[in-house]
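Trainee: Heads up: the protein sequence lines correspond to chains A and B, in order. In case it helps, numbering that gives the first Met the number 0 puts the first sequence at residues 0 to 175. In case it helps, numbering that gives the first Met the number 0 puts the second sequence at residues 0 to 435.
To be clear, the hints were calculated from the coordinates, so they are not data collected in a lab. It cannot be assumed that every hint is accurate.
[As the list claims (entries may be wrong)] Derived pair list, reagent style SDA-like, types lysine to any residue, alpha-carbon separation capped at 20 Å:
hint: 1; chain 1: A; residue 1: Lys95; chain 2: A; residue 2: Lys41
hint: 2; chain 1: B; residue 1: Lys97; chain 2: A; residue 2: Tyr158
hint: 3; chain 1: B; residue 1: Lys129; chain 2: A; residue 2: Lys77
hint: 4; chain 1: A; residue 1: Lys77; chain 2: B; residue 2: Glu182
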Amino acid sequence: MAHLQPDSPYATERYADTTRSVEFKPDAKAKFDALLERYPTKEAALLPALHLAQEEFGWISPEVMVYLGTLLEIEPAKVFGVVSFYNMYNQKPVGKHHVQVCTNLSCMIRNAYDIYDRCLEKLGLQPGETTKDGRITVTEVECLGSCGTAPVVQINNDYHENASVESIDKLLDTLK
Amino acid sequence: MEPIKVLTKNVDKPNSAAIDTYIAGGGYESLKKALKSTPDEIVQLVKDSEMRGRGGAGFPTGMKWGFLPKDSPMPRYLLCNADESEPGTFKDRVIIEKDPHLLIEGMIISAYAIKSCPMSYIYIRGEFYKGAMILVKALEEARAKGFLGKNILGSGFDLDITVHRGAGAYICGEEMGLIESIEGHRGQPRVKPPFPAVVGVFGSPTIVNNVETLSCVPLIVEHGAEWFKSFGQPKNTGPKLYCVSGHVKKPGVYEFPMGVNLKELIYEHCGGITDDLPLKAVIPGGGSAPMLTPDEIDLPMNFDALMKAGTMFGSAGIIVMNSSTCIVDATWRMSKFFAHESCGQCTPCREGTNWMETILDRIERGGGRPQDADLLFDMTDNIGGKSLCALGDAACGPVASAVKKFRDEFMYHIEHKSCLPGTKRYRRLDMPVGAH
Ligand SMILES: Cc1cc2nc3c(=O)[nH]c(=O)nc-3n(C[C@H](O)[C@H](O)[C@H](O)COP(=O)(O)O)c2cc1C
Ligand code: SF4
Ligand code: FES
Numbered sequence: 000m001a002h003l004q005p006d007s008p009y010a011t012e013r014y015a016d017t018t019r020s021v022e023f024k025p026d027a028k029a030k031f032d033a034l035l036e037r038y039p040t041k042e043a044a045l046l047p048a049l050h051l052a053q054e055e056f057g058w059i060s061p062e063v064m065v066y067l068g069t070l071l072e073i074e075p076a077k078v079f080g081v082v083s084f085y086n087m088y089n090q091k092p093v094g095k096h097h098v099q100v101c102t103n104l105s106c107m108i109r110n111a112y113d114i115y116d117r118c119l120e121k122l123g124l125q126p127g128e129t130t131k132d133g134r135i136t137v138t139e140v141e142c143l144g145s146c147g148t149a150p151v152v153q154i155n156n157d158y159h160e161n162a163s164v165e166s167i168d169k170l171l172d173t174l175k
Numbered sequence: 000m001e002p003i004k005v006l007t008k009n010v011d012k013p014n015s016a017a018i019d020t021y022i023a024g025g026g027y028e029s030l031k032k033a034l035k036s037t038p039d040e041i042v043q044l045v046k047d048s049e050m051r052g053r054g055g056a057g058f059p060t061g062m063k064w065g066f067l068p069k070d071s072p073m074p075r076y077l078l079c080n081a082d083e084s085e086p087g088t089f090k091d092r093v094i095i096e097k098d099p100h101l102l103i104e105g106m107i108i109s110a111y112a113i114k115s116c117p118m119s120y121i122y123i124r125g126e127f128y129k130g131a132m133i134l135v136k137a138l139e140e141a142r143a144k145g146f147l148g149k150n151i152l153g154s155g156f157d158l159d160i161t162v163h164r165g166a167g168a169y170i171c172g173e174e175m176g177l178i179e180s181i182e183g184h185r186g187q188p189r190v191k192p193p194f195p196a197v198v199g200v201f202g203s204p205t206i207v208n209n210v211e212t213l214s215c216v217p218l219i220v221e222h223g224a225e226w227f228k229s230f231g232q233p234k235n236t237g238p239k240l241y242c243v244s245g246h247v248k249k250p251g252v253y254e255f256p257m258g259v260n261l262k263e264l265i266y267e268h269c270g271g272i273t274d275d276l277p278l279k280a281v282i283p284g285g286g287s288a289p290m291l292t293p294d295e296i297d298l299p300m301n302f303d304a305l306m307k308a309g310t311m312f313g314s315a316g317i318i319v320m321n322s323s324t325c326i327v328d329a330t331w332r333m334s335k336f337f338a339h340e341s342c343g344q345c346t347p348c349r350e351g352t353n354w355m356e357t358i359l360d361r362i363e364r365g366g367g368r369p370q371d372a373d374l375l376f377d378m379t380d381n382i383g384g385k386s387l388c389a390l391g392d393a394a395c396g397p398v399a400s401a402v403k404k405f406r407d408e409f410m411y412h413i414e415h416k417s418c419l420p421g422t423k424r425y426r427r428l429d430m431p432v433g434a435h
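I would like the entire structure built from these sequences, with the hints used as guidance.
Mentor: In structure tokens:
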């Protein structure tokens, strides 16, 4: 787990650059305000606010953490603590298409690693890396709750069930 | 035993998620009926049904509701656990995507029964984006018909429901982790007691129930407790969804009365084992459950029978492995999962799960040491019962059972630095795996 340490090599990356501050556009801000109505505390809106921010900004940059911290009256360090705890918040930019291959047991014994390996080899990536053109990121994920149609590959919000090396190989070619 | 269509009676209908379809099939009649009874009468009805929670622990639902303090001035909360992250489990998703109004009706009745405050939450795993959108739409439909909002159907009872998406953390399925997560924190479970029924979300008395549990409530209200008990065996009652995955010819979600025979389920209803290979091992209750060998599966799938067999019913996520499976590698994969998902709060679980994964990986890679099998076994003893939440124990289930029941295969690996002949590894050792 990474910590916010001024002298750590992450520091420049991790510390928010105030010259690059971010802000929700009016319609996103309206969605954010509506969120607050659903909870008895401001803090409780953090997870949905992070989802909203990720839709808006693509990833959760240190600037986004500071911004949400200000809106919700939470220490930025606490926001960072939450962001780093959950898998789905991207702490660095990801490709336009985030290919997430489930390799948990039910998928594994239906050859999920063949699909995963094919994705990495075809695109020349290491796990979690993004193609140079920013098109595709490939990651390995835990059970997606769809084991009856294993193996399963999630691309952004969509599940591709009963996947095969061939079907995913073809699909990768269509991802523009 | 024949499959039934009780909980799943709507799922095959065209447009099954629409409120009109649901109402045409008699939907929301149970709500009308329930609102004419007192909350205590509904609690008693659920107690009489002997329903046990479908989320994993199998705690009697009516009894849980009865634990709410009578005299607390705090508002009460009802939380629906739709985290569905236990490996091998994919049943709640069927209800969420195909029959969301069954869940919503169940939540309204349950909230009424426990005298919930006017806001209730569905905690749905973040990956179920489609499911979350279906729920959001269904909730809008229910509001438009007056089933949610102020003074529901003239009863004086107010309720609204918010869909709260998780963000990819298995531990948020644990009820205290879920509560922390709704409050906007890292999903790190709190020490119990106090139990959620006394101090839960926002410092208030809270009930956490699984999707399938809540979806049974309208059925109990409609047909009565005796009807519910007519499915299954004493203390293991009701219709039940079973998830079967892995090496079976027809994987999927099957509905049976509680207590369908596991062997019959695999061989008759799921068409037997893929490639007609012999069966090797079955995980009966989701990834946390200890494995069973082929001679152990002639038993009824219910809470008590599986407990007696030294494993657990859990979420009824049945993972079937045929003889081609390298058991060391299968066990490694489960360990990798728990190492990834440990929330990191307590040392035995955080360090232990990582070590178990490392040792299993080294055995698989030919670097196993003769004492490793015993070492793994010892480790399960040092994690189980010594960590804050049940994830620590869960991580031990697959490892302890595999080492105990497949010891020869572990020793073969260690001695010959390769998989047992006839078995294969489902991954390439020269490829990188994702880091934690
Ligand atoms: C590590 C862990 C993960 C869990 N995941 C889930 C889950 O995904 N869904 C669920 O309903 N219950 C899950 N549970 C069980 C819950 O803690 C809780 O017992 C359950 O939601 C209660 O609902 P029920 O009484 O209706 O079964 C999990 C428990 C543990 C220890
Ligand atoms: S047992 Fe594991 S998951 Fe549970 S609180 Fe401890 S570290 Fe976290
Ligand atoms: S194991 Fe892949 S979806 Fe469950």
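Trainee: Each hint needs a verdict: does it hold in this structure or not?
Mentor: Comparing the hints with the structure gives:
1. The hinted pair formed by Lys95(A) and Lys41(A) fails the criterion: a straight-line CA distance of about 31 Å is larger than 20 Å.
2. Restraint check for Lys97(B) and Tyr158(A): satisfied, since their Cα atoms lie roughly 16 Å apart, inside the 20 Å limit.
3. Between Lys129(B) and Lys77(A), the direct Cα distance comes to roughly 29 Å. Violation of the 20 Å bound is thereby established for this hinted pair.
4. Between Lys77(A) and Glu182(B) the alpha-carbon distance is near 13 Å, which keeps this suggested pair within the 20 Å criterion.
Checked against the numbered hints listed earlier, the structure breaks hints 1 and 3; every other hint is satisfied.
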